Amino acid sequence: MTYEIAIDGKTYRLDLSQANDCWSCRVDGREVEVDAVLARPNVLSLRLGNKAYEVKCERVGGDVHIWVGSQRFAAEVRDPRSFRSRTRAVDDHGPKKLTAPMPGKVVRILLSQGAEVEAGAGVLVVEAMKMQNEVKAPKKGTIQKILVSEGAAVNAGDVLAIVE
Amino acid sequence: MTYEIAIDGKTYRLDLSQANDCWSCRVDGREVEVDAVLARPNVLSLRLGNKAYEVKCERVGGDVHIWVGSQRFAAEVRDPRSFRSRTRAVDDHGPKKLTAPMPGKVVRILLSQGAEVEAGAGVLVVEAMKMQNEVKAPKKGTIQKILVSEGAAVNAGDVLAIVE
Amino acid sequence: MFKKILIANRGEIAVRVIRACHEMGIAAVAVYSDVDRASLHVRKADEAYPIGPAATSESYLNIQKILDVAERSGADAIHPGYGFLSENAKFARACADAGVKFIGPTAAAMDAMGSKTRARQSMERAGVPLVPGTSRGLGSFEQAEQVAARIGYPVMLKAAAGGGGKGMRLVQAVADLKSALDAARSEAERSFGDSEVYIEKAIVNPRHIEMQMLADEHGNTVYLGERECSLQRRHQKVVEEAPSPIVDPEMRRQMGDVAVRVAQAAGYTNAGTVEFLVDQQKNFYFLEMNTRLQVEHPVTELVTGLDLVHLQIRIANGERLPFSQEEVKLRGHAIECRIYAEDPDNNYFPSPGKITLLLLPSGPGIRRDSGMYEGWTVPMDYDPLLAKLIGYGTDRDQAIGRLTRALNEYFVGGIKTNISLFRRILSNPDFRAAKIDTGFLDRLLKEKDQSKDVQADTQTTEVAVIAAGMFAALGPSAAGAGERVSIGSADKPAPVSNWKTAAQREALR
Amino acid sequence: MFKKILIANRGEIAVRVIRACHEMGIAAVAVYSDVDRASLHVRKADEAYPIGPAATSESYLNIQKILDVAERSGADAIHPGYGFLSENAKFARACADAGVKFIGPTAAAMDAMGSKTRARQSMERAGVPLVPGTSRGLGSFEQAEQVAARIGYPVMLKAAAGGGGKGMRLVQAVADLKSALDAARSEAERSFGDSEVYIEKAIVNPRHIEMQMLADEHGNTVYLGERECSLQRRHQKVVEEAPSPIVDPEMRRQMGDVAVRVAQAAGYTNAGTVEFLVDQQKNFYFLEMNTRLQVEHPVTELVTGLDLVHLQIRIANGERLPFSQEEVKLRGHAIECRIYAEDPDNNYFPSPGKITLLLLPSGPGIRRDSGMYEGWTVPMDYDPLLAKLIGYGTDRDQAIGRLTRALNEYFVGGIKTNISLFRRILSNPDFRAAKIDTGFLDRLLKEKDQSKDVQADTQTTEVAVIAAGMFAALGPSAAGAGERVSIGSADKPAPVSNWKTAAQREALR
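In the order they appear, the protein sequences are chains E, F, B and W. Residue 28 is where the first sequence starts when you use our numbering, and the numbers rise one by one after that. Residue 28 is where the second sequence starts when you use our numbering, and the numbers rise one by one after that. Residue 119 is where the third sequence starts when you use our numbering, and the numbers rise one by one after that. Residue 119 is where the fourth sequence starts when you use our numbering, and the numbers rise one by one after that.
Certain hints may be false.
[Stated by the list, open to error] Partial selection, computed: residues in chain W whose CB lies under 7 Å from chain B:
#1 Glu-141
#2 Ala-145
#3 Ser-240
#4 Arg-449
#5 Thr-512
Calculated directly from the structure, the hints in this document are not laboratory data. None of the values given here were measured: they were computed from a predicted structure. Ideal Cβ positions, reconstructed from N, Cα and C, are used throughout, including at glycine.
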């Protein structure tokens, strides 16, 4: 198996292969001695050389977070042979989405469709656990679309509005 | 769904059925108001009337143990429409099996094939965790067969020898 | 003794009280709203009653529904926990009327302490030291101006019915007074339905130190030592410890004596807490009295060896305090971290959701009071407090060491928590030197998180890379456990390999 | 301070020591045998080294392999835990030779205490009270006969090199002496490679009470109070508590003074335990000294507020004891249950295997020191101790209450454990009245388990019936959690139902 793994802005090529029930591992072509045991689902006990690590995996939405001890890494894993996990194209121009920062309820919509908006201005208010969170415009522009109504329940990452 | 459930020597008929996302439950034809949430795999939070119970399920080999709080029940669940879970025939006569009481290693075989044996006499010794456990003949008779050799690793319930 | 206690609360405190009941051989009755059916307190109770929809006004704050359950279940007492109805005198009265014992002070004592201005007036009479200011609501702007001029700026405007920082305004100079007063009044009106606002001298960089009290129904009142609660964010406590690093035995005795006077002046019974502001010269001023069990009561339990909930129940049962003031002995040091479902990368906003993985700390000196479990979905409807992690040690350094170790063991996957914040606090040199005040945390949070700048070392990153690949190969349903998944070239062959499954899936592509 | 400590052990004690290292900022090096790769101590360590096959002689007892790892890892100290090499003077000497600090007493002190007869001799010289008997090995049967006649029957034969009940024989009358002596000698030879056997008066229904000691390398020796360890099965402790219900301050001082004399006579340093037999008149007799940390050290930690492993490390680092005898203050009561992988329905034989479900107790007064986790397969090769559950309370009753509550929360699925035994012990009226001696548990186990005769009430059985059906319908892979699976007719419709899946599977049949 070969993966391309992007962490902290750098992409690594990882080869994992099996021979006689033994697995070997190469990072960017360099052989690495590794010994791993799946302690529980999403928890690996990993030895690299003789250093020991408890590694946890968190899948939230489409994101994979790898925790090495208490250190978190956002990882993007691509399987070069499949199209499944290709990076979404990053588009810095054109319309921008406003997404819900947390699961909650839309309690107020501050601007209506078609309104002009400054970068950083509040567009909607989402409430969860007695806390209100203003969702702000990521750039100056026009509110192209409001996708939710007041009172709607939303999940983290849901698109609430589009500014262009 | 209908099940026959044997607990503590008594068999109950359990009907579970669904209507409009509501489930109802009948034990031996009597309607029981029950509200259950699967808290985790194998852990139910169950309300019967307004009494609350934490119920755990343990599947060890073919046995199902249901723990209501700290009380354990050995349950046999039969689905009348299937043959899968029919009770094994209980046979009190004829050859008797000696089974390993725990996973471990056979450290000594005390009697050889064909030997006469008294009820309760030790036939083999199984060791685990520094403790030795003599496996005893369940009845007076002849050792018909020894199925393991010294040093063999065995699991709980493995047949070690047959006395007839 | 009571046979059955209803717990009118949810979350970790409901579990805490259920445990106390079980320890004392008392049956525990839980109540729950629709979104709390799967909550831990329902699992752990002996009986559980639904009380309506998520909205607190229709469930946990609904006095009639709670009393209905008390009647149906035959509970002979109600423990309110903290928050919700715990400081509601009307509820305490309704319990009395319904013939069910409210585990807390009398309604009269709550009334005496419920209004901050009325509490100030009665404390003034009892000779309790108060921050200079008014003990009555401000009548006019002119009055406010005069009082502020007399006591000197900066001043603090406070809602008489307030709490949690609502209706509070810090005023640095006379020019800002008018607008601040209007804003405080309208916020007080909105939040508490009462626009009464009073004025106090603002103490610069104070410490928030509180004294735990117990009073039985036979006139015996004791104090159990103080808690240092200066670490706050948005006026909410985040880390609490006992004892306070700046309180010596003499100061403790003085604060304790004042707290006893406060409690006695209010005819107080059961557990309560007297809050003080302490200035940089260690002068302390009465702030308010909380007429309930505090969130942070475990640190007091650890340094005194007592169980406050057991004692609350015994006091409500009419028993005498089983010890005198002299028999209360403090030993060691305890620190509590409030674990919240909050996103440290998004300004600590709430982060409800499903807990997909939960690894729990334990071992020496670690107490964990929790309302969560793996697989549970944290509802978005309530306070985001998930659990409290409390570390005890022979001294403050050891408590910090144990707590840091336990925080490193704690892992809550699937939702965001503020666990990383505690690592940051506990490793901060000023915190370690106990140089803290109520502004500490805001200052810390304004600083850049140094730990984020540290480039992960090459090997740790390499571990993350390899693990990311392994988890991807194992897939999200990797259910096997304790089995070797991969072996380097040096070791012997592994007997079983989960990678086989992965390889098989691979071959199928 | 040490930079890196190697822990030459496994299981809960390895985890316990790793935690202490992390709390003190010291890196922890684990070693593991082939069957322990997935063990918790490997997961929690900073470095981990394989040391060979499961057999202890080829791994955990192999001095050379352990010292090789110490060298390769650069560890500057070794903590031996308990068992394995912890009382091996040869190992302590080998560590010294290799320039790595052994965290424990000197080899000379171990030697002085390692042979029971030699220890008796030196204790006799130090004026320590001994059970009447010989302080030398028995030469002949005739000598044994004479000594037994002098001290009076019943007598106990004991292996000089013994421990854990091996090579011990109780002799009620002269007629049994010869065969018992032969049996004890051959068992001692088989077990310890040393057939030396001595004789002591047998104390009828004694209590086993031990005194915890600490001695630094500067001549300061203190005692930290006693532990009551009378609850034993097959000479193995099962439940321990501190303080002992029968020891008052004066008796504690006397036992403590004797223990200090014992330690000083042996030139003892670091943590150690002096064991006493106590007869029904509260006379106490020196039994032996354990030159290591005990399994049951947590109960002492809870009542003293000290951390014995931290102190062991500090003492080994050459530091002075940070407190005097007068500063040691006992407070409250602590009880420990040793959770073993044992089958209560099969004479408590070991029950290794895979842990399929693990629900963990926590909350006030509960400490859990564990080496297990959900999904781990308990290997069949070692001692079946899985975890220790320790309850602390203001008094003994509260400790029992909390422990009982926590035992009811504890669930270990997939393997058998002795958790039910502790429920039985803690609810026993004699135990509750503290009427215990070393024969208590054997007598209890001979009685019929009353709780098994109690017919489960109808409703509980009905719950089991319904749950059995639900689990069957959900199937073994029921992975959803926190969702409503069924609702009675009274409540509102459930939003989500796992039963749907079951129904779909049903439809497919």
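Verification of the supplied hints:
1. Glu-141: holds (4 Å)
2. Ala-145: Violated, about 13 Å.
3. Ser-240: violated (33 Å)
4. Arg-449: holds (5 Å)
5. Thr-512: Nearest chain B Cβ about 6 Å off; hint holds.
Consistency note: the structure conflicts with the earlier hints numbered 2 and 3.
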